[in-house]
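J.: Here's the letter readout for the chains.
Number of protein chains: 2
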Amino acid sequence: MQKANKVFIAKSLDGFIAGKNGELDWLDMVPNPDQLGLGYFEFMDSIDALLMGRNSFETVMGFDVEWPYQCPVFVWSSSLEAIPQAYSAKAELVSGSIEEVLATIHQKGYGRLYIDGGKTIQSFLQADLIDEMVITTIPILLGGGVPLFGELTERLEFTHVRSEVLFGELVQDCYRRKR
Amino acid sequence: MQKANKVFIAKSLDGFIAGKNGELDWLDMVPNPDQLGLGYFEFMDSIDALLMGRNSFETVMGFDVEWPYQCPVFVWSSSLEAIPQAYSAKAELVSGSIEEVLATIHQKGYGRLYIDGGKTIQSFLQADLIDEMVITTIPILLGGGVPLFGELTERLEFTHVRSEVLFGELVQDCYRRKR
Chain Z
1 MQKANKVFIA
11 KSLDGFIAGK
21 NGELDWLDMV
31 PNPDQLGLGY
41 FEFMDSIDAL
51 LMGRNSFETV
61 MGFDVEWPYQ
71 CPVFVWSSSL
81 EAIPQAYSAK
91 AELVSGSIEE
101 VLATIHQKGY
111 GRLYIDGGKT
121 IQSFLQADLI
131 DEMVITTIPI
141 LLGGGVPLFG
151 ELTERLEFTH
161 VRSEVLFGEL
171 VQDCYRRKR
Chain F
1 MQKANKVFIA
11 KSLDGFIAGK
21 NGELDWLDMV
31 PNPDQLGLGY
41 FEFMDSIDAL
51 LMGRNSFETV
61 MGFDVEWPYQ
71 CPVFVWSSSL
81 EAIPQAYSAK
91 AELVSGSIEE
101 VLATIHQKGY
111 GRLYIDGGKT
121 IQSFLQADLI
131 DEMVITTIPI
141 LLGGGVPLFG
151 ELTERLEFTH
161 VRSEVLFGEL
171 VQDCYRRKR
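Chains as they are written, first to last, in the numbering used here: chain Z, 1 to 179; chain F, 1 to 179.
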């Protein structure tokens, strides 16, 4: 089974994935009908399952739209007791250490994982378990908020894979971990 | 007189301009003989003078190389009493508020300014006085250090001007303030 942990996320110029009060409106400052053209569907085709933290799960549940994922979704949380019933067919709760969570998901046959959410991504980077990052930069300085990256005890070098300008305003960069 | 305040700087993927102990070695992780090809000389041709803070000035004095600037250099500091004699022909001390410093430099006939150094850039952004930023991203996560960007009370929107991949590894993005 092919295994890889991938990030696909948008950030502000100053590295935030949400504003000081969790705002996400700035993600749409560049007109972008239906999120087409961002490479999202191609990316989703390249993964087997999605792993997110409780915060991201609650954000997605709060969106006033249909459940947006076609792939299996795992929610990593030690505080959540169960997935709310309305979502029990859509997401599965996993807990334990990062290694235990990965073992659980791999055992179910899912190797290529979309790692989503600030804290989850930071935990995976801290454990040097991220293989690829696709980062879309929105040309705005938020000046504070929820940071994409966090403290690391060791530097991590990446290799540049590609960069693309989307809608004339967004820059999407793909990086792969140097191993 | 044409006036503009411009930034030209390199940062890590996670937004640091120096490591936890001020390290700058990672700036050279991509072989880049003589810093050619980064657009630095073209950028220097587009400015009339450079303004940096005390930290940056001390960093440049500490470099084991000849004074690297051909243009007039202003050092913005309230704590420095005088420019050390060895550099008195090369740099001029300015103090006061951001508006006072700009007025002083403009009065001397320099309109297009290279704004350099983390704290100086952050002060200019906080006052919404940066017009253009050329940011080169090195594909490394440092996990901590001296941040390029700081707190802002207001969001600042920019327009994407251009992106370029240099040496196959560095991404240089140019942004202009939306006004």
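FYI, nobody ran anything at the bench for these hints, they're computed from the structure.
Treat the hints with care, as some may be off.
Copies of the same chain look alike in the list, so a pair counts if it fits in one copy or across any two.
To be verified - Using 30 Å as the maximum straight-line C-alpha spacing, the simulated DSSO-like pairs for lysine-lysine come out as follows:
1. Lys20 to Lys178
2. Lys20 to Lys3
3. Lys20 to Lys108
4. Lys90 to Lys178
5. Lys6 to Lys20
6. Lys108 to Lys6
7. Lys119 to Lys20
8. Lys178 to Lys3
9. Lys90 to Lys6
Being a predicted model, the structure only gives us computed values, none of them experimental.
J.: Decide, hint by hint, whether the structure agrees.
T.: Results for each hint:
1. Lys20 to Lys178: Classified as between; 22 Å across copies, 33 Å inside a copy.
2. Lys20 to Lys3: Answer is neither: 35 Å inside a copy and 33 Å across each miss the 30 Å cutoff.
3. Lys20 to Lys108: neither (37 Å within a copy, 41 Å between copies)
4. Lys90 to Lys178: Neither, since 34 Å and 42 Å both go past 30 Å.
5. Lys6 to Lys20: both (26 Å within a copy, 27 Å between copies)
6. Lys108 to Lys6: So Lys108 and Lys6 pass the 30 Å test inside one copy only (18 Å; across, 53 Å).
7. Lys119 to Lys20: This pair counts as both: shortest intra-copy Cα distance 16 Å, inter-copy 21 Å.
8. Lys178 to Lys3: Answer is within; shortest intra-copy Cα gap is 16 Å, inter-copy 43 Å.
9. Lys90 to Lys6: within (21 Å within a copy, 49 Å between copies)
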